[in-house]
Amino acid sequence: MSPPRIVPLGDRALTLTLGDRMSEDLSSLVMAQSARIRDAGIMGVTDIVPSYAALGVHYDPLVISFSDLVERIEAAVATDVSSAAAEVAETAIHEILVRYDGEDLDDVARRTHLTVDEVIAIHSEREYRVYVIGFVPGFAYLGTLDERLVLPRRESPRKRVPAGSVAIADQQTGIYPSSTPGGWHLIGNTDAILFDQNLEQPSRFRVGDRVRFVKC
Amino acid sequence: MLTVTKAPAYATVQDAGRTGFMASGVSRAGAMDLHALFTLNTMLGNDPGCAAIELALSGGEIEFGSSAIFAIGGATTGLTLSGREVPLWQAHHAGRGDVLVVAPPRDGRFIYIAFAGGVDVPPMLKSRSTYLPAMFGGRDGRRLRNGDTLDLLEATRKQRHQVSDQLPEALRPPLSVTIIRYIPRDESDLDSEFILSGASDRTGYRLESASPLSGKSILSQPVCPGVIQIPPDGHPIILMADAPTIGGYHVAGVVISADLGPLAQRTPGEAIAFQRATVSEAHKLLASASEKLESVREWRLA
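Chains as they are written, first to last, in our numbering: chain Z, 1 to 216; chain D, 1001 to 1302.
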């Protein structure tokens, strides 16, 4: 793992880069460093956004200067990255009930040379990790998908994917929290509410949480 | 209270936008031309970030159900209040039954109608901004429609009586800007001239150029309004107010905050050129924009 690297992301945010790939270790490190920056309680920091191998720190430049912010972040983050990754915060485990009746289920089975039952068994067997939340509010990128189910995204994205669709693409799986355009393969549906703007913590999942799909 | 009697093609309630929920994937949203919103609110004695109506693409019509003080600015347009022409960038009094007609934007793209007190819709995640991609905030998470009624928050007694002269041009936000400054992220060459594509909205402005840049997909990383993405087709996309919180395209740089409003006001077909800037230059420009607002406040009280 490389040492943290800070670069400006415009004049209201910066990126702290910790690596360049998707891995459980890097994700844990991103979480640990996010928590340290959050706990430093730096005035002027408005949002801390974890992603796979980098995290974004958004700030109000009328409250804190870029150089002061960099200094505060450098003081807050752990330089010993191997021990930092071990500081895993408490995370939740979510069970999501799924009806495996997605529009693309047969197509996925055909393209992966599996039966529909095998696709369902493989998808629901594993516990997934929330790597990133984004794309739309509450959309969690879950990994890592079993190699046997890995397919590239659809060539032409759908204009509307119904809310609650459980989908797969590349090495990831996810659930569409609201009806949006989307290029993933739809394998099932859930009634679980993943985003509620009336809650203080509007997204059901947080980065680092675990998710299990249960066939119903 | 007011009634939207002829809804513009694209009108939403917007304020300064949301902060604090980006880790849940919630975008900033808010006014596309923040400085125009801040200036109008300051003219009316509101907090700069009060909610107003943002409209684009066409004009519209509003009927006042009670008396109110309002001011309009942003893109250049024509206004009449119950048939009488009224200027932009000026606080006007409307009485019960008055009809405000806003013509389509002439120079620029987004027009703001601000009211003393501000538009009253229920705050969602600490903001009244409409966030169309997730359908919440503003008026039921959607664009304004014919027949919608909007309440106004109560203005102070002083605000209720304060009409004004027209704001001097020097105190208004810049509108005709064609050179957009950005903080580079890499060595991407943004020196050529770009044309703003028609496929541009509150989420992103697409640019076209004669010679596409070299773009690619990357491992998704945090993004924000202003980010200049270069997707594999080589035609840049500048993320705007409704930008997602993470993005999977190569990032060439980020447009400085001071130029995001003027960029938002460009219309499809217009040429755009880029110029490099540093973080400290960008911060100086933000500080001078906030001083300009202070001058608007002083002008109002004078």
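Treat the hints as calculated values from the structure; they're not laboratory data.
Quantities reported herein were computed from a predicted structural model and do not represent experimental measurements.
Hints are supplied without guarantee of correctness; some may be wrong.
According to the in silico footprint, chain D covers these stretches of chain Z (three or more CB under 8 Å from chain D) [claimed, not checked]:
1. 15 to 27
2. 96 to 104
3. 108 to 122
4. 154 to 168
5. 190 to 201
6. 207 to 215
The C-beta atom is built at its ideal place from N, Cα and C for all residues, glycine as well.
task: Examine the segment 15 to 27 of chain Z for residues whose CB is less than 8 Å from any CB of chain D, and state whether their number is three or more.
output: holds (count 5)
Claimed coverage, the segment 207 to 215 of chain Z by chain D - three or more beta carbons nearer than 8 Å: violated (count 1)
task: Test coverage of the segment 96 to 104 of chain Z by chain D using CB-CB distances below 8 Å; three residues minimum.
output: The restraint on the segment 96 to 104 of chain Z is violated, since only 0 of its residues have a Cβ under 8 Å from chain D and three are required.
- request: Count the residues of the segment 154 to 168 of chain Z whose CB lies closer than 8 Å to any CB of chain D, then report whether that count reaches three.
  value: Since 0 is below three, the answer is violated.
field: Within 8 Å of chain D's CB atoms, at least three CB atoms from the segment 108 to 122 of chain Z: coverage verdict
entry: Our answer is that it is violated, as 0 residues pass the Cβ test (under 8 Å) against chain D, missing three.
- prompt: Are there three or more residues in the segment 190 to 201 of chain Z whose C-beta lies closer than 8 Å to some C-beta of chain D?
  reply: holds (count 4)
Hints 2, 3, 4 and 6 from the earlier list are contradicted by this structure; the remaining hints agree with it.
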